[in-house]
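Number of protein chains: 2
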Amino acid sequence: MGNEEETWVVMKTARAPSNIAVIKYWGKRDEKLILPINSSISVTLDPEHLSATTTVAASPAFEKDRLWLNGKEVSVEGVRYKNCLREMRARATDVVIESSGKVIRKEDWNSLHIHIASENNFPTAAGLASSAAGFACLVYALAQLMGVQEKYEGELTAIARLGSGSACRSLYGGFVEWKMGQEIDGTDSIAVQLAEESHWKDLVIIIAVVSSRQKETSSTSGMQESVKTSPLLKYRAEEVVPKRIVQMEKAIKSMNFTEFAKITCADSNQFHATCLDTSPPIFYLNDTSRKLIGLVERWNRHAGEPQVAYTFDAGPNAVMFAKNKEVAAQLLQRLLYQFPPSADTDISRYVHGDQSILESAGVNSLKDIDSLSAPAEVAGIPNLQRIPGEVDYLICTNVGKGAYVLGEQGANLIDPVSGLLKK
Amino acid sequence: MGNEEETWVVMKTARAPSNIAVIKYWGKRDEKLILPINSSISVTLDPEHLSATTTVAASPAFEKDRLWLNGKEVSVEGVRYKNCLREMRARATDVVIESSGKVIRKEDWNSLHIHIASENNFPTAAGLASSAAGFACLVYALAQLMGVQEKYEGELTAIARLGSGSACRSLYGGFVEWKMGQEIDGTDSIAVQLAEESHWKDLVIIIAVVSSRQKETSSTSGMQESVKTSPLLKYRAEEVVPKRIVQMEKAIKSMNFTEFAKITCADSNQFHATCLDTSPPIFYLNDTSRKLIGLVERWNRHAGEPQVAYTFDAGPNAVMFAKNKEVAAQLLQRLLYQFPPSADTDISRYVHGDQSILESAGVNSLKDIDSLSAPAEVAGIPNLQRIPGEVDYLICTNVGKGAYVLGEQGANLIDPVSGLLKK
Chain B
1 MGNEEETWVV
11 MKTARAPSNI
21 AVIKYWGKRD
31 EKLILPINSS
41 ISVTLDPEHL
51 SATTTVAASP
61 AFEKDRLWLN
71 GKEVSVEGVR
81 YKNCLREMRA
91 RATDVVIESS
101 GKVIRKEDWN
111 SLHIHIASEN
121 NFPTAAGLAS
131 SAAGFACLVY
141 ALAQLMGVQE
151 KYEGELTAIA
161 RLGSGSACRS
171 LYGGFVEWKM
181 GQEIDGTDSI
191 AVQLAEESHW
201 KDLVIIIAVV
211 SSRQKETSST
221 SGMQESVKTS
231 PLLKYRAEEV
241 VPKRIVQMEK
251 AIKSMNFTEF
261 AKITCADSNQ
271 FHATCLDTSP
281 PIFYLNDTSR
291 KLIGLVERWN
301 RHAGEPQVAY
311 TFDAGPNAVM
321 FAKNKEVAAQ
331 LLQRLLYQFP
341 PSADTDISRY
351 VHGDQSILES
361 AGVNSLKDID
371 SLSAPAEVAG
381 IPNLQRIPGE
391 VDYLICTNVG
401 KGAYVLGEQG
411 ANLIDPVSGL
421 LKK
Chain F
1 MGNEEETWVV
11 MKTARAPSNI
21 AVIKYWGKRD
31 EKLILPINSS
41 ISVTLDPEHL
51 SATTTVAASP
61 AFEKDRLWLN
71 GKEVSVEGVR
81 YKNCLREMRA
91 RATDVVIESS
101 GKVIRKEDWN
111 SLHIHIASEN
121 NFPTAAGLAS
131 SAAGFACLVY
141 ALAQLMGVQE
151 KYEGELTAIA
161 RLGSGSACRS
171 LYGGFVEWKM
181 GQEIDGTDSI
191 AVQLAEESHW
201 KDLVIIIAVV
211 SSRQKETSST
221 SGMQESVKTS
231 PLLKYRAEEV
241 VPKRIVQMEK
251 AIKSMNFTEF
261 AKITCADSNQ
271 FHATCLDTSP
281 PIFYLNDTSR
291 KLIGLVERWN
301 RHAGEPQVAY
311 TFDAGPNAVM
321 FAKNKEVAAQ
331 LLQRLLYQFP
341 PSADTDISRY
351 VHGDQSILES
361 AGVNSLKDID
371 SLSAPAEVAG
381 IPNLQRIPGE
391 VDYLICTNVG
401 KGAYVLGEQG
411 ANLIDPVSGL
421 LKK
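Quick note, the sequences are listed as chains B and F, same order. Be aware that the first sequence starts at 1, since it is given in the UniProt record's numbering, and climbs by one per residue. Be aware that the second sequence starts at 1, since it is given in the UniProt record's numbering, and climbs by one per residue.
Certain hints may be false.
Just so you know, same-sequence chains aren't split out, so a pair can sit in one copy or run between any two.
[As the list claims (entries may be wrong)] Pairs of lysine-lysine residues, derived as DSS-like cross-links and limited to a Cα-Cα distance of at most 30 Å, are as follows: (1) Lys234 <-> Lys106; (2) Lys234 <-> Lys262; (3) Lys228 <-> Lys253; (4) Lys228 <-> Lys250; (5) Lys234 <-> Lys250; (6) Lys234 <-> Lys401.
No lab work stands behind these hints, which were simulated from the structure alone.
Required output: the full structure, derived from the provided sequences and hints.
This is the structure we're talking about:
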């Protein structure tokens with residue numbers, strides 16, 4: 001570091017949740033601006049269980065932009081990072097550093113380099129929208145650091161969108177719609193909150209992380225191939241989704257679980273249908289995913305109306321919505337019955353997140369799992385195989401809030417003296 | 001049996017092949033008449049390897065219509081059998097019994113009961129269009145017995161269609177189109193031959209029969225559900241298939257394998273996509289099916305142009321078309337490499353049908369399979385699992401001829417004295 005005046009480091013830390021789409025985003029009309037071919041709707045997951053935490057720091061001593069993801073330095077040269085940084089710098093304002101009273105002027109941000117450190121509280125490779133949480137968190141943290149004020153509501157979501165399409169939906173809590181927009185510059189392709197997280201308190205979410213040995217197609221290249229080759233995708237985007245968006249908005253606003261579940265399941269299946277209609281076909285669901293779908297469909301049919309909805313993103317993991325906490329406990333019992341953990345797995349390692357669901361299910365040990373009995377709806381089904389280890393682990397969670405600042409100093413991932421990743 | 005005059009039994013035996021659709025039939029516009037929502041195109045399989053053989057017999061001594069399928073008597077009261085029998089009786093003519101000179105008059109057929117015995121030369125449960133071959137064979141054999149002459153070309157196919165939609169395509173050899181038709185009574189919903197079996201001699205067909213432990217949805221109920229609930233199926237039938245029918249006709253007539261393969265694979269995948277878009281979703285492909293698709297797609301990509309096409313009906317079995325015999329031998333090597341038989345399986349039980357492909361592949365024993373090396377295109381793929389027993393067996397076959405009469409007495413499945421199933 002150079003002279004004394006240039007040794008300061010200013011930083012902000014924020015957290016942003018993952019979100020799970022219930023009306024799926026698949027296909028871009030503009031690859032550069034990440035503009036989608038249809039609107040989508042998501043549910044924000046509790047950041048306590050599924051989120052990214054990101055510290056952004058600036059200092060005149062930094063020689064270049066740098067980025068650490070989950071403890072490892074990676075390149076910040078990717079166009080998606082560069083686009084987000086450029087757009088945020090362009091919106092920076094004069095910022096006063098509280099501790100010293102020093103002023104960073106609006107125009108200074110163009111020359112100040114940024115260090116970024118980000119980590120997820122869930123496995124990155126699990127296909128649980130880590131990039132959505134990550135880019136939402138980056139943009140939100142930069143807005144805090146640089147004193148960015150939105151000129152119109154949703155402006156930050158349009159910038160997060162440049163990092164990862166679905167990131168725009170992770171800035172808000174509760175139920176969020178990404179409006180596809182019409183403008184060529186993408187300024188109206190933004191996320192809006194349909195209802196906040198306190199709106200539909202009954203819903204409980206259980207995620208089954210499925211062991212996947214096959215390499216998946218990345219969503220970026222997958223959706224490119226689908227747009228190019230699937231005749232069904234175009235029809236879906238233009239004819240099917242617009243109607244479903246209206247129905248889903250209504251279902252969410254009126255907390256109509258039956259409608260919510262029907263549309264959620266149908267839209268997940270239709271998204272995977274367009275993947276299969278792609279040439280060469282893309283498969284994200286595997287036999288375990290199909291068994292999870294079977295478990296839910298059987299139960300719903302037996303119950304006479306939907307108890308649980310399922311949805312699958314670009315991977316084999318099931319995200320399931322239970323009607324209420326009681327149903328969630330029954331769902332957990334069913335999942336533990338059909339998908340027991342491997343013999344050497346600790347129960348607390350198998351069920352992550354909100355432990356109160358596990359308590360409601362009355363399961364405290366592997367022995368409790370062994371003594372679970374088959375649910376009524378599987379009575380007539382021969383050879384229902386129970387293979388331990390087909391599911392890696394379960395996460396119990398809730399509808400969560402949007403991005404927020406972490407106030408405490410201890411939350412910073414960057415060392416305020418060195419400006420580097422904290423050890 | 002009553003007086004001497006009534007002891008005669010007259011019978012005919014015929015054989016009809018299975019067929020495999022390369023443009024799929026899925027969905028009816030009329031459930032009773034079995035009228036489809038789109039035209040379809042199939043390839044007729046060699047009856048030597050995949051066919052039904054059916055004997056039909058009539059005698060004044062028979063007290064009711066009776067039916068034996070693969071050695072077991074089953075009810076002939078189903079509407080599909082009754083429809084076929086009624087339509088054939090209505091078209092019967094005066095028939096002279098060669099041996100005795102006795103004449104069965106046109107109107108006699110209405111009161112004469114029919115005994116039917118049918119068997120397949122391949123497993124019924126394997127999902128290899130046994131009902132298509134069966135109904136085509138029944139109608140063809142009855143036409144022989146009753147002296148039915150078609151009033152218009154394809155009339156018999158329209159009657160076979162009443163038994164099982166795709167049966168109409170099994171009356172002809174080679175390449176066959178089932179024209180959906182427009183008439184309300186279904187008279188123009190008939191099969192026509194696009195090219196005979198000798199037209200495209202290079203093609204070789206290999207079928208991988210995949211072990212399936214899950215109970216499948218029957219095609220009848222499956223397509224009903226799809227018509228009711230899949231938004232994508234309607235679009236497929238109305239917009240996608242008509243164009244593909246034209247392209248496929250052209251590809252077949254010009255023997256353009258690249259086009260044939262592209263359309264065949266795309267149409268199989270799109271059919272399964274509409275199954276997935278059904279509510280609740282229908283899954284016919286399993287993880288082994290997906291691996292078979294992967295094997296072909298990888299190879300085709302590596303080769304720079306299609307070597308093999310795949311198609312899957314309402315089940316997990318892959319039907320693969322190899323460009324020529326040399327490619328077929330390479331395909332067989334690849335299949336045996338990735339899907340070895342279980343350790344205790346005899347090679348001749350694992351590879352059925354045309355054994356000359358096995359010879360061309362240079363595989364004579366399990367040891368030869370062990371020493372097969374990985375094909376070039378899998379070099380970069382980690383963890384390519386080779387699990388013995390994932391595929392039950394393979395059938396090597398060719399494009400085959402349509403229905404025909406079996407002349408020899410020994411071929412009859414019904415005893416000419418008792419009128420019952422031969423022991």
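Hint check:
1. With identical chains, the CA atoms of Lys234 and Lys106 are never at most 30 Å apart, being 44 Å at best within one copy and 56 Å at best between copies.
2. Both within a single protomer and between protomers do Lys234 and Lys262 lie at most 30 Å apart by alpha-carbon distance, with minima of 22 Å and 20 Å respectively.
3. Taking identical chains as interchangeable, the C-alpha atoms of Lys228 and Lys253 lie at most 30 Å apart only when they sit on different chains, with a minimum of 28 Å there against 35 Å within one chain.
4. Taking CA atoms no more than 30 Å apart as the test, Lys228 paired with Lys250 passes between copies only; the shortest distance there is 23 Å, against 32 Å inside one copy.
5. When the C-alpha separation of Lys234 and Lys250 is checked against a cutoff of 30 Å, the pair qualifies both within a copy, at 24 Å, and between copies, at 26 Å.
6. When the C-alpha separation of Lys234 and Lys401 is checked against a cutoff of 30 Å, the pair qualifies neither within a copy, at 33 Å, nor between copies, at 40 Å.
The structure does not agree with the numbered hints 1, 6 stated previously, though it agrees with the rest.
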